[in-house]
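Given chain C's structure and the hints, the job is docking chain G onto it.
There are 2 protein chains.
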Amino acid sequence: MPAPLQNDNFLRACLREPVDHTPIWLMRQAGRYLPEYRATRARAGSFMGLATSPAFATEVTLQPLERWPLDAAILFSDILTVPDAMGLGLQFAEGEGPRFEHPVRDEQAVARLQAPDLDRLRYVFDAVASIRRALDGRVPLIGFAGSPWTLACYMVEGAGSDDYRLVKTMLYARPDLLQRILDLNVQAVAAYLNAQVDAGAQAVMIFDSWGGVLADSAFRRFSLEPMRQLVQRLQRTAEGRRVPCIVFTKGGGPWLEALAGIGADVIGLDWTVSLGDARRRVDDRVALQGNLDPAVLFAPPAVVQAEAVAVIDDFGAPRRADGRCGGHVFNLGHGISQHTPPEHVTALVEAVHAHSRRQRTPA
Amino acid sequence: MPAPLQNDNFLRACLREPVDHTPIWLMRQAGRYLPEYRATRARAGSFMGLATSPAFATEVTLQPLERWPLDAAILFSDILTVPDAMGLGLQFAEGEGPRFEHPVRDEQAVARLQAPDLDRLRYVFDAVASIRRALDGRVPLIGFAGSPWTLACYMVEGAGSDDYRLVKTMLYARPDLLQRILDLNVQAVAAYLNAQVDAGAQAVMIFDSWGGVLADSAFRRFSLEPMRQLVQRLQRTAEGRRVPCIVFTKGGGPWLEALAGIGADVIGLDWTVSLGDARRRVDDRVALQGNLDPAVLFAPPAVVQAEAVAVIDDFGAPRRADGRCGGHVFNLGHGISQHTPPEHVTALVEAVHAHSRRQRTPA
Chain C
1 MPAPLQNDNF LRACLREPVD HTPIWLMRQA GRYLPEYRAT RARAGSFMGL
51 ATSPAFATEV TLQPLERWPL DAAILFSDIL TVPDAMGLGL QFAEGEGPRF
101 EHPVRDEQAV ARLQAPDLDR LRYVFDAVAS IRRALDGRVP LIGFAGSPWT
151 LACYMVEGAG SDDYRLVKTM LYARPDLLQR ILDLNVQAVA AYLNAQVDAG
201 AQAVMIFDSW GGVLADSAFR RFSLEPMRQL VQRLQRTAEG RRVPCIVFTK
251 GGGPWLEALA GIGADVIGLD WTVSLGDARR RVDDRVALQG NLDPAVLFAP
301 PAVVQAEAVA VIDDFGAPRR ADGRCGGHVF NLGHGISQHT PPEHVTALVE
351 AVHAHSRRQR TPA
Chain G
1001 MPAPLQNDNF LRACLREPVD HTPIWLMRQA GRYLPEYRAT RARAGSFMGL
1051 ATSPAFATEV TLQPLERWPL DAAILFSDIL TVPDAMGLGL QFAEGEGPRF
1101 EHPVRDEQAV ARLQAPDLDR LRYVFDAVAS IRRALDGRVP LIGFAGSPWT
1151 LACYMVEGAG SDDYRLVKTM LYARPDLLQR ILDLNVQAVA AYLNAQVDAG
1201 AQAVMIFDSW GGVLADSAFR RFSLEPMRQL VQRLQRTAEG RRVPCIVFTK
1251 GGGPWLEALA GIGADVIGLD WTVSLGDARR RVDDRVALQG NLDPAVLFAP
1301 PAVVQAEAVA VIDDFGAPRR ADGRCGGHVF NLGHGISQHT PPEHVTALVE
1351 AVHAHSRRQR TPA
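Chains C and G supply the protein sequences, listed in that same order. Residues 1 to 363 (this note's numbering) make up the first sequence, in order. Residues 1001 to 1363 (this note's numbering) make up the second sequence, in order.
Since the hints were made in silico from the structure, they are not lab data. Incorrect hints may have been included.
As the list claims (entries may be wrong) - So the derived label-pair ranges between C-beta atoms look like this:
#1 Ala1191(G) with Pro35(C): 48 to 54 Å
#2 Ser217(C) with Ala1093(G): 37 to 43 Å
#3 Ala1258(G) with Ser217(C): 20 to 26 Å
#4 Glu96(C) with Gln1359(G): 38 to 44 Å
#5 Ala1258(G) with Asp183(C): 35 to 41 Å
#6 Asp1277(G) with Ala173(C): 48 to 54 Å
Built from N, CA and C at the ideal position, the CB exists for glycine as well.
Chain C with its partners taken away, still in its complex shape (with noise of 0.2 Å):
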């Protein structure tokens, strides 16, 4: 029997539902910005030795809410473990980026693939199982993966890439190569999401990171609607309550209004797009998740401050002149640098819990 939730205001948010302040998390709050981190990171030996150990990934994701009041844990793992449980073998070498072994690049290659096997995931849901505990009420915790155009990039290119080449080169040569990869992936991903909510998930996130760089056709057919198919696949409700769903397209103000209309509960937004540019362009009809640019965490706390405080009034008012409420879950518009100081971040919460709650106290 899990603990009661102490503190719902991410849930509530993603939902549309009153809070007392504005919820904050920050992507990749678990990370190398904090000593703390580098050091569990040292113990365990490599990124992936801590992905795969249920208590390590437990520990970090623990950290940066002993430091401060975030409103939300998410999993400590990579958006890659799904096409390395296909076979594809991730390597992650000091001081790259993650690389495939197996890259799927051709007819053969693509008519190999398949759908993982759950139990090669096992560790992940442990490790969501073990975080649950140790948050012990808290706050939620969040799943994720990666959304199905995004995990193709990295399986056709076999590592990051500055154009696309391969798999942009699949995409308009053989269309119908990619289209089995990302059926594959809409399937896979689903069974991986759910999963994580039975072993404890509160709210799952579909990380587009490469959807941004589409051509608008392109996105539509080949980003957007197999995440509209995937999550029409997820699993909304658990331990009797809804499981809110967070679409993230980096990238993605030029399809705002479509990605309001797959079925998610909240969009997520980069530092490009206005919130409440943003706001009006989706009338309340999701949530908002964003979008302060990770670089104004370099900057001196009282502008820090200023900036957390924009972004707050830029998405304006919960509650309308109509009565409806809108939703704003405050994040980054990217994962937050290494290069981060702490004590940057912990102007950030205050702000934001701060200026949030004299937001909602009657004048």
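For chain G alone, kept in the frame of chain C given last:
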């Protein structure tokens, strides 16, 4: 006395005047994907060896025009010539991007910065004059420069960057220092572009390659506003004809309406935006340039042609029901990739010319 222009479709489209076909040119059309370019570059010894020699610059500028009936030529040069002339010490190490020996990172360096003596950029104006003579009226010549913000990025970072940490830290922590750099860049770039026009450039383009990395309010203040000031200072008539100004912010889709209001004749767009939507947003108050994903050129010629037709159809018929005219200059949404097979460009140019001529034939 310059030769009369034989093909002015590009200039006419920029000014939303009727044309007999959609003009096309390609960003970085004189580049590494052409074997003849690689041969000239080998003779010149280096990229800057090409750019600083009017003879070599003329040779490579004309190379793509020998292959294809492109509707405009663009000066072969680099946006970093201006900060180089300010004394920052531009270096192109083999296999790496450009670097500055003396980046501008603190109060002292910013105070020392001065607008460049245009004599140090004489080689650029000589190249413009030489290319005009060599073109002999075939098509118009486009001059160009980097935007004040984009130059500031390189000047502060000292090189390309993944996260723009140094320049964004300056932006948020010391906006006064960044503002002084931008003010100088406005002055310097205006003088530089006007000197290119004096030397024979018939249109000018401002490359805001990094405007799209900024938060909404930061973009408006530190990229858009300096570009507005710059555009106001440009000489807009030469040889008895209007000199069109093109502004291209990579990732600038969110700010299209604002960009359309700064006085430019043409707004360049990358492929994330639908041209038809963009045209409706600006209501034909400016012409649009773009926006095929350069990755389409990796696909077989039949796909290239279909995608080119889709871009033209998305823009729609130039003449509207109310009799007003839109303007479309076909281009990629970014520079052409070095991995592009030149014969795919053949298919592209043919498709753009043929389909747009058909579009103008009464049924």
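Hint-by-hint comparison with the structure:
1. Ala1191(G) with Pro35(C): 48 to 54 Å: With Cβ atoms ~49 Å apart, the hint holds.
2. Ser217(C) with Ala1093(G): 37 to 43 Å: 39 Å, holds
3. Ala1258(G) with Ser217(C): 20 to 26 Å: 25 Å, holds
4. Glu96(C) with Gln1359(G): 38 to 44 Å: For Gln1359(G) against Glu96(C), whose Cβ atoms are near 48 Å apart, the range 38 to 44 Å is violated.
5. Ala1258(G) with Asp183(C): 35 to 41 Å: 40 Å, holds
6. Asp1277(G) with Ala173(C): 48 to 54 Å: 26 Å, violated
Violated hints, in rising order: 4 and 6; the structure is consistent with all others.
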